[in-house]
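S.K.: The lines below spell out each chain.
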Amino acid sequence: MVDITLNQNSKLGSIDRPNSYIGRSLTRDGAIRHLEGGGKFVDDLILPRMVNSAFLRSPYAHAEIKSINISDAQKYPGVIDIFLSEHIDTVCKPWIGVLSHLGEMRSPEQSPLAKKIARWQGEAIAIVIANTRAQAEDAIEAIEVDWVEKEPQINMETALDKDTVVIHKELGNNLFWTRTVEQGDVKKAFKESSTIVEATLDFARHTGVTLETRGIVADWDKSEKKMSIYHNGQAPHMMQHIIAKHFDISEGLVRVISKDVGGSFGIKVHVYGDEMAAIAASKILGRPVKFVADRLESFTTDIHARCHKISGKLGVDKNGKFLSMEINDLSGIGPYSMYPRTSAIETNQVLNLSGSPYIIPNYKAVGTVVFQNKTPMCQYRAVGHPIAVAITEVLVDKAAKKIGMKVEDIRKINFIPDDQYPNKTPSGVPLEDLSHQATMNKLLKIMNVPDLEKQKKLDLEKGILTGIGIISMCEVTNPSPLFYGVGGAHISSQDGASIRLEGSGAVHVSSSITEQGQGTEAIMKQIAADQLGVSMDTIRLTLGDTDATPYGGGTWASRGAGIGGEAVLKAARTLKNNILKIASAIMQTDIDTIDIANNSVIRKNGGEGISLKKLAETVYYRGHEIPQGTNPELIATSSFYIEGIPFVFTNSAMGCQVTVDQDTGLIKINKFWVIEDCGTQINPKLVEEQIRGGVIQGIGGALYEECVYDDQGNMQNATMADYLVPMACEMPDIIVDHVITNSGRSILGAKGAGEAGTGGAPAVIMNAINDALSSMNKEVTSQPITPEKILKAIGKI
Amino acid sequence: MGKGGEEFIMKSPDFCYYEALSIEDAIKFKSNDLESVILAGGQSLVPALNMRLSSPSCLIDISKIKELKNITKDNDFIYIGSAVTHSEVMQNKIIIDHLPVLIDVLDMVAHPAIRNKGTHGGSIAYGDPAAELPAFAVAANAEIILMGLNGIRTIQASDFYHGLFETDIQNDEILTSIKYPILKDNQKILFDEIYRRHGDYAMAGVVANIEILNNEINNLKLVFFATGTKPEVALKTSELIIKDGYDYSNVKNMIKTELDFESDLNSNAEMKLHLATILTNKILKLMET
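Residue numbers (my numbering), protein chains in the order written: chain A, 1 to 797; chain B, 1 to 289.
Hints listed in this document are in silico derivations from the structure and should not be mistaken for laboratory results.
Check before you lean on any hint, since a few could be wrong.
What the hints assert, rightly or not - Listed next, the in silico BS3-like pairs over lysine-lysine satisfying Cα-Cα at most 27 Å (straight line):
no.	chain 1	residue 1	chain 2	residue 2
1	B	K11	A	K259
2	B	K11	A	K668
3	B	K11	A	K462
4	B	K252	A	K778
5	B	K252	A	K789
6	B	K11	A	K789
7	A	K457	B	K282
8	B	K256	A	K789
As the list claims (entries may be wrong) - These stretches of chain B come out as covered by chain A in the derived footprint (C-beta under 8 Å, 3 or more residues):
no.	segment
9	123-137
10	196-203
C-beta atoms are modelled at their ideal positions from N, C-alpha and C, and glycine is treated no differently.
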């Protein structure tokens, strides 16, 4: 790993000037603080008069609540009060998880607590408020509920059958949303195809598994009519709006504070009934209420993701050129569409993204999303990508093998060429600044495919099944207003940054982007210091507080660097300009002759400069020394959002080599390679951490992670012992390298880097495993690819 | 954090905590309060409390009783005190010199943080069917030493396990130590398991106690774990191998006749049978090396 990415973006100035921090792998100070145990998480917070909470949750996937008796439980030691849906609803208005811009979505009203009918195992029924969590849990055991079990609707494949239980009677059936995308003439193109390959793939439900579970402290101040929310979320301003709206509080009087967050991965960007109930309890009681999910609650109430069955068809001509692609995707989302982002987006991404690296003139994609009596499903890291990438790349491999082409060659002749952007995905979504050819070429070079092929042959002679996989993919990052805002959701696609020079010479930066452990703080500081010409130690940073930061979207969909970072860059440049104007007045010189470096205004031609500290002191304390009419603003604020396109896409190519043990069905990933093109890298080490972490979560989806349900809708593995996330021993050596194509949408040129690993790893692992099994003429099509599935596929059990 | 803060972090049902001063003290307490449970390393018990799967009246902490913290050698036997942690066992000179295979086995027990707290006696007494140590104890012909109101009692490890998490420990008894015979020169214990993640309970595992005479297997005791409700000795399979050697189908058929397989989340009964068969072969190959 080189420390510095040279010459990556001419708009950012020379890399060898003083204070050039963009592109350098600086150590982030936040990491040391966490290593020392200095993190301050929601559960660490103790406020005066604070009470704790716990929830009675449905033990059944589908059941009617005939009656609830809380009178015994209310007498338990330490219990302050117990609230049911009817109490909570007096202060909190219900919500509906639909958006208007993607066609008709049908989801019923949802309240924080279930009324009359519980629709998934784990749905909150009652909130017990007590002095301690233990006391609240004691009281839960004393709540008497008269349950009448109803037949659950579990299987998504039979969700729309005539005799299937309908979860919401008023909707008539279990359909939430459907969409068809069609470009060109698919039917005709398949007829003209000389070879057609097909595949059907299954992706199990899994979840995000954040190290820190969801948590909230709600503090209603009656006298000020102000609601303060300490929340380990990703989007403080979105929560501010939602809380104001549903609790009928003036939006300016809702303060959302999201400081240290122990991982989010999209799990913590949704509205959860239990958190809303805790806020309601605070409003009713007029005292701070804490709720922190335990691990069982995380597994059964944090959103799940994936749960897709997708079939696809690819038609190619004699030369291997893609003519036509058709996919049909089915997904099950639990009993409600999540609010406010809806549970349609994963399927929507599958329809948009399938086939996206390639020229495929005729394309049809049908998505169907149905309700189930399981935990609600929504957007988790790399939304839809694993499904879209896998169906595409599995079909591409099949086509290559069927017509006798090398898997790399068929990709090369079908890529949208790097010099032919702007372009469009087969589904019609605009693309620009991508580099599939360059990334694939670099991947093949560092993988040394001929050597790997040789080794595979030698292994096979010894009876060892080794396989090699490659893929190419597009990654949705930096969404524009066309993503959510256009559909009526109050989710900001804009981010803001404010930077001020203080009297001490310190520089204070605040940004609407949040930090969830990925190093946002570090890159914001690097951008500000780099653009201003100050040392890193002068920068202080405030994130995650709606009272203290500019308005903005927060951190999700890999938007922190590209959107939030650009806002910081713009604010820094404006502040720099302000400083230089003041300095030129003080120094009696033309503005073009001076610059800022090493915390001082310097004369480009040498000679005495002025430190920023001195300059600030002059402005703040001795303004009379400055010529009249000079603008004294040592603060600048800027905003940025992506204009003109729905997303700034990133692309990457990945490869991996696996060994499949024929006796045990165990899969070993020997090596994994990623070439990522995320444009300007602000801190290459953090980019690579994002890629590697993403790959690990992708390995989770591909080989380990699954929310296992029985046929009655009971989750079977809701503990960290039984739900398998890959751990240190399961992590292969991951080689990361880069191609750099800057985004033309910003000065910074950065795109997102957080989704690729998770989006691409499942496809490349599946391709490598199927390559290993190809000598036996066998394949696997269902993820996670477990030892049992391998042994079944090869006929051992 | 002040007192209020400590209250906030409790999640389990209320219980009393009793720090036993001696084995006799612990026995006395336990026999007077049948709802109380022994706390050693707490690696299974504490999560169970927090998940409210268990609500004992009292936790009797035996981890500070000195007599339970020793590893000693007496002629042909090694005694491991029940409150010795896995990490302590792995670093103990007597174990390194005389029972090194146990270190390899413990390397498969969870992760270092858990091994620093989890105890030898805790794992043996808990009797998780997927745990390594109960099967190891059975294969190694260990004896479990229990102390109760009526004094000391010793039971063969193979008789100690009755069923799923069920052992022979009586209400007034405490497991004080495990007695392992030192291996003879021509004897070795081999161990293997198949797991999805390192440190997890296995999908299937085996511990074999083998005696070699003139380069041939003279005596074999195969003990399987993570296959059924308790560690199980496959006597007939062991005999079959001594007689005929390994053949996949023959061994599989024999294992099927003498073991009961229970499906779990990671492998169904059929897969466990297959893996048990594969493991038998792996053990025999290990023996050759």
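S.K.: Hint by hint, say whether it matches the structure.
M.R.: Right, here's what the structure says about each hint:
1. K11(B) x K259(A): holds (24 Å)
2. K11(B) x K668(A): violated (39 Å)
3. K11(B) x K462(A): Judged against 27 Å, a Cα distance of about 55 Å means the pair is violated.
4. K252(B) x K778(A): Between K252(B) and K778(A) the Cα gap is close to 24 Å, so the pair holds against 27 Å.
5. K252(B) x K789(A): holds (20 Å)
6. K11(B) x K789(A): violated (39 Å)
7. K457(A) x K282(B): holds (25 Å)
8. K256(B) x K789(A): Answer holds: K256(B) to K789(A) is near 21 Å, not above 27 Å.
9. 123-137: violated (count 0)
10. 196-203: With 7 residues close enough to chain A, the hint holds.
Checked against the numbered hints given earlier, the structure breaks hints 2, 3, 6 and 9 and satisfies all the rest.
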